[in-house]
Amino acid sequence: MRTLKFLLQKEFRQIFRDPAILRIIFMMPVMQLIILPWAADYEIKNIKLAVTDKDHSGYSKKLVSKITSSGYFQLTSYESSYNASLEKVEDDEADLILEIPASFEKQLVKEDEATLFIAGNAINGVKGNLGSAYLRSIIQDFNREVRLEWIQLPKFSPQTQIEVRSSNWFNPLMNYKYFMVPGILVLLLTMVGANLTAINIVKEKEIGTIEQINVTPVKKVHFIIAKLVPFWILGLIVLTLGLLISRLFYGILPAGGFLTIYVFAAVYLLAVLGLGLLISTYAATQQQAMLISFFLMMIFVLLGGLYTSIDSMPVWAQWITRFNPVSYFIDVMRMVVLKGSGLADIKQQFGTMALFAVVLNSWAVLNYRKRS
Amino acid sequence: MKPQQHTQAKQKNGAARRQFFSFVKKELLHIWRDKRTLFILLGMPVVQIIIFGFALTNEVKNSKIAVLDQSKDAATASLIAELNASRYFDVEANLTSYKEIEAAFKKGKIKLAVLLPSQFAEDLKHVNKASVQLIADASDPNVANTLTNYATAVIMDYQDRITNKQRLPYSINVETRMLYNPQLKGAYNFVPGVMAMVLLLVCTMMTAITIVREKEMGTMEIMLVSPMRPQMVVIAKAVPYFLLSSINIASILLLSVFALEVPINGSLLLLVTESLLFTLVSLSLGLLISSAAASQQVAMFISLVALFLPTVMLSGFMFPIENMPFPLRMISNIVPAKWFYIIVRSVMIKGVGLAAVWKETLILTGMLLFFLTVAIKRFKIRLQ
Amino acid sequence: MASDKIITVDHLTKRFGVFTAVDAITFDVHKGEIFGFLGANGAGKTTAMRMLCGLSMPTSGKATVAGYDVYTQNEQIKKSIGYMSQKFSLYEDLTVKENMQLYGGIYGKSNAFIKEKTAFILEHLHLQDEANKLVGSLPLGWKQKLAFSVAIFHEPEIVFLDEPTGGVDPVTRREFWNMIYQAADNGITIFVTTHYMDEAEYCNRVSIMVDGKVEALDTPAMLKQQYQSATMDDVFLKLARKATRSGD
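Chains as they are written, first to last, in this note's numbering: chain V, 13 to 384; chain Y, 2 to 385; chain G, 228 to 475.
Since the hints were made in silico from the structure, they are not lab data. As the structure is a computational prediction, the values presented were derived from the model and not from experiment. Be aware that a few hints might be false.
Claimed, not checked - With a straight-line Cα cutoff of 25 angstroms, these simulated DMTMM-like cross-link-like pairs (lysine to aspartate or glutamate) come out:
hint: 1; chain 1: Y; residue 1: 216; chain 2: V; residue 2: 30
hint: 2; chain 1: Y; residue 1: 186; chain 2: V; residue 2: 53
hint: 3; chain 1: V; residue 1: 118; chain 2: Y; residue 2: 91
hint: 4; chain 1: V; residue 1: 60; chain 2: Y; residue 2: 323
hint: 5; chain 1: Y; residue 1: 216; chain 2: G; residue 2: 302
hint: 6; chain 1: Y; residue 1: 360; chain 2: V; residue 2: 99
hint: 7; chain 1: V; residue 1: 73; chain 2: Y; residue 2: 176
hint: 8; chain 1: G; residue 1: 324; chain 2: V; residue 2: 223
hint: 9; chain 1: V; residue 1: 217; chain 2: G; residue 2: 320
hint: 10; chain 1: G; residue 1: 360; chain 2: V; residue 2: 30
hint: 11; chain 1: Y; residue 1: 110; chain 2: V; residue 2: 99
hint: 12; chain 1: Y; residue 1: 62; chain 2: V; residue 2: 175
hint: 13; chain 1: G; residue 1: 289; chain 2: V; residue 2: 223
hint: 14; chain 1: V; residue 1: 215; chain 2: Y; residue 2: 323
hint: 15; chain 1: V; residue 1: 57; chain 2: Y; residue 2: 93
hint: 16; chain 1: Y; residue 1: 360; chain 2: V; residue 2: 105
hint: 17; chain 1: Y; residue 1: 130; chain 2: V; residue 2: 153
hint: 18; chain 1: Y; residue 1: 26; chain 2: V; residue 2: 53
hint: 19; chain 1: V; residue 1: 215; chain 2: G; residue 2: 382
hint: 20; chain 1: V; residue 1: 217; chain 2: G; residue 2: 319
hint: 21; chain 1: V; residue 1: 231; chain 2: G; residue 2: 460
hint: 22; chain 1: V; residue 1: 382; chain 2: G; residue 2: 445
hint: 23; chain 1: G; residue 1: 314; chain 2: Y; residue 2: 93
hint: 24; chain 1: V; residue 1: 231; chain 2: G; residue 2: 382
hint: 25; chain 1: G; residue 1: 306; chain 2: V; residue 2: 223
hint: 26; chain 1: V; residue 1: 215; chain 2: Y; residue 2: 361
hint: 27; chain 1: Y; residue 1: 65; chain 2: V; residue 2: 175
hint: 28; chain 1: V; residue 1: 231; chain 2: G; residue 2: 231
hint: 29; chain 1: V; residue 1: 60; chain 2: Y; residue 2: 215
hint: 30; chain 1: G; residue 1: 314; chain 2: V; residue 2: 53
hint: 31; chain 1: Y; residue 1: 216; chain 2: V; residue 2: 23
hint: 32; chain 1: V; residue 1: 139; chain 2: Y; residue 2: 217
hint: 33; chain 1: V; residue 1: 139; chain 2: Y; residue 2: 91
hint: 34; chain 1: Y; residue 1: 27; chain 2: V; residue 2: 23
hint: 35; chain 1: G; residue 1: 314; chain 2: V; residue 2: 23
hint: 36; chain 1: Y; residue 1: 65; chain 2: V; residue 2: 53
hint: 37; chain 1: G; residue 1: 344; chain 2: V; residue 2: 223
hint: 38; chain 1: V; residue 1: 359; chain 2: Y; residue 2: 176
Turn these sequences into a full structure, and let the hints steer you where they fit.
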């Protein structure tokens with residue numbers, strides 16, 4: 013135990029003697045947490061619309077002005093040829109094209125039926141899809157108004173109708189920040205933690221100091237614990253800073269209480285730091301360690317369920333996410349911050365994370381060899 | 002210039018060139034000897050493009066929902082069956098009371114609850130009117146929104162089928178086509194994005210780290226006392242990574258076309274040239290970072306931890322830039338990946354030519370020159 | 228006489244794939260002697276030493292250090308030895324004092340012992356003023372002396388020195404060897420590799436490794452006589468010429 017104390021003392025001293033890295037550890041998450049959540053807004057608005065109007069009738073103009081006044085769309089071009097509109101899409105100046113064919117008004121009035129064409133840029137499939145859905149619903153409204161102009165009001169026979177009422181729980185104002193901020197905090201915490209430990213042991217390998225340690229009777233487990241503890245504490249400080257910013261800048265107060273978050277984070281950090289140490293015991297150079305941890309981080313971050321939904325992934329990818337600690341913490345954050353879930357609700361995630369922590373750290377201890 | 006001077010200058014040039022190439026050769030040997038790193042460098046983009054190409058999609062599907070059916074009649078049964086049959090929903094739980102809804106949400110698996118009141122079928126039949134309540138877990142507002150829309154659409158379809166839909170006068174029909182990506186595959190959007198990200202981060206990180214590593218180990222000094230100009234020493238270190246990146250560009254494009262079935266609609270030559278330009282931008286950013294970082298750890302933190310999330314979030318492939326508030330739209334302009342993402346999307350998927358992306362190309366070239374000038378200047382100052 | 232032998236090595240071998248770095252070497256080191264372990268670069272000195280320190284697993288053969296078996300009791304061995312490698316290996320971002328504290332603590336010494344010993348060493352090396360300076364800021368010669376002091380800080384039975392004087396000036400080398408003698412006087416067995424042949428003269432006994440084998444082992448005087456040479460340098464050259472393996 014006494015050896016451990018000396019080793020810990022050493023690690024702490026080394027960390028605090030490198031102000032450059034310490035500054036980055038604290039500044040970077042703070043800055044990113046203040047800036048990045050503002051970028052995350054999936055809400056489809058300001059859809060850039062190019063209109064091809066071959067009709068130039070009263071109705072076509074009315075329709076266009078109705079669309080632009082809806083607030084969802086931004087009219088970026090109004091041309092008579094489809095190719096001109098298509099060019100706008102190619103130049104990224106339009107997301108959607110609405111084509112009003114010649115004699116649209118005439119057909120609608122004389123033949124009771126007319127057709128409009130929508131073409132959406134579907135590279136970002138969802139945007140194309142949702143944008144055209146909005147456009148269709150505005151056209152439907154317009155259709156109703158047209159009908160009213162021609163038909164007396166009460167003429168409709170009562171029709172079977174299912175009324176759909178919807179409500180949004182946990183985040184009734186649909187504030188994206190409540191969802192993104194804790195998620196981004198998890199990502200930052202993970203990257204800082206895993207990267208710090210990933211290059212720590214291998215750094216000693218590169219400099220040669222590890223050999224001096226290996227020739228002493230130090231126990232492997234003590235060595236690993238001494239590496240783990242300081243970064244664990246740093247991680248908790250980063251988390252605290254992050255929660256503070258969430259409160260001050262975004263007004264986020266976890267409904268399920270801070271305790272739940274800290275309890276989970278304590279175990280989570282052990283798992284993530286253990287993973288870093290494991291990478292470190294395998295890598296021969298810092299460069300290798302960084303490449304491996306970068307590779308894993310990319311998978312963890314992009315398949316973590318923050319940016320895209322895990323349910324929508326193919327089954328094999330969902331299996332990958334089960335081994336992704338980030339996906340558990342993001343899940344837990346969402347539950348605790350917004351739904352008010354307590355420790356009892358996150359039992360399962362907690363258990364899995366504890367298992368990760370034990371396995372990864374034991375693996376790191378086993379794989380750290382004092383003798384080649 | 003006299004002919005003699007001319008030959009001298011030529012000889013000097015020749016010597017400088019030979020020196021330069023011998024340095025490049027040394028760097029290549031370093032990388033070649035370290036098979037593990039080489040393997041990761043070349044294998045990583047392959048694995049990532051496959052994983053992300055298939056796994057990432059903005060679409061919301063197979064979402065788990067819970068049903069609270071208080072009516073339990075034929076109408077509700079068929080409505081539930083219809084919800085379950087749609088690709089968007091999997092009915093995961095049948096609840097028996099309103100109180101259970103919150104618990105189901107809190108356990109975290111259920112994204113939407115559908116409440117069918119008692120006497121649903123009766124009401125439909127006799128009053129011609131019935132109601133369905135949807136409760137979405139809005140902790141992820143995007144998913145909540147989308148699922149509510151999808152569920153409403155399924156219910157409306159159901160309604161249309163049970164009422165023999167009468168044809169109304171003065172109807173406007175709408176025909177919708179999806180350009181470029183009619184199957185709405187996620188890969189069309191994410192392949193350009195992942196490509197930008199992988200190239201940027203790998204190139205930046207690798208150059209930054211190898212140079213700082215030499216500084217740390219003291220071997221940089223040995224090279225700097227050689228007759229070669231210090232700028233050349235630094236650039237020689239980036240050349241092998243440029244070559245490696247070319248291989249990575251090739252493998253990413255091959256995989257996109259043959260595994261992910263994302264077509265290259267525009268000119269392959271233009272696409273490759275733009276990718277190489279972007280690689281150069283990333284390498285010079287790496288040089289710049291290496292001139293500022295004192296240790297490999299710092300270099301890594303700047304090139305990875307500090308660049309990663311901003312690249313993901315501000316380059317436009319995850320979140321539409323036009324939705325961002327003004328300051329962030331401005332910040333996104335300095336993210337190199339944003340411009341490359343636009344270029345790849347335009348050339349690869351829309352199939353447009355240089356005329357459509359000249360502005361973005363110019364911006365990337367500007368960034369390249371800026372990073373390179375500043376980096377070299379800083380190296381000069383440091384070395385004096 | 229068995230108790231007099233503090234290191235016994237019997238046909239100790241280390242192979243890396245098809246390459247035999249250390250080829251069935253056999254020798255003993257007596258308690259309290261300064262044992263010079265010589266050889267050209269690449270002859271296998273460092274590998275042999277690393278096996279004895281428990282840093283490298285032998286392929287075959289037998290060896291004991293301080294009575295412990297190198298295969299099974301390598302952690303016990305570590306309690307009885309000190310080690311200083313050719314790569315300077317104190318923590319450069321810790322101060323002189325902190326390094327001593329760390330290694331004292333790792334070997335389980337009491338705080339009082341650490342304090343006393345640190346003061347003693349600092350005084351001895353005239354480093355009192357540098358006690359709270361980062362090791363990284365010291366000149367190389369001082370670092371080497373400091374590394375040696377740290378290697379024997381916990382008063383081990385044996386200390387292994389792997390080319391301890393590489394890259395330092397002649398004066399410092401001289402001082403360094405004075406420190407070695409002092410340690411030997413205090414009863415510490417010294418096991419030292421070097422390729423400065425003048426240093427070989429300072430050793431009680433010298434072994435010379437060529438191509439992974441021990442080719443000669445005796446006192447410097449006997450070796451010079453045996454090889455009819457005036458200096459250890461000549462002895463070494465005569466032996467090293469036989470080498471087929473090229474050093475790097």
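Where does the structure disagree with the numbered hints, that is, which hint numbers, in rising order?
3, 5, 11, 14, 15, 18, 19, 21, 22, 23, 26, 28, 29, 30, 32, 34, 38
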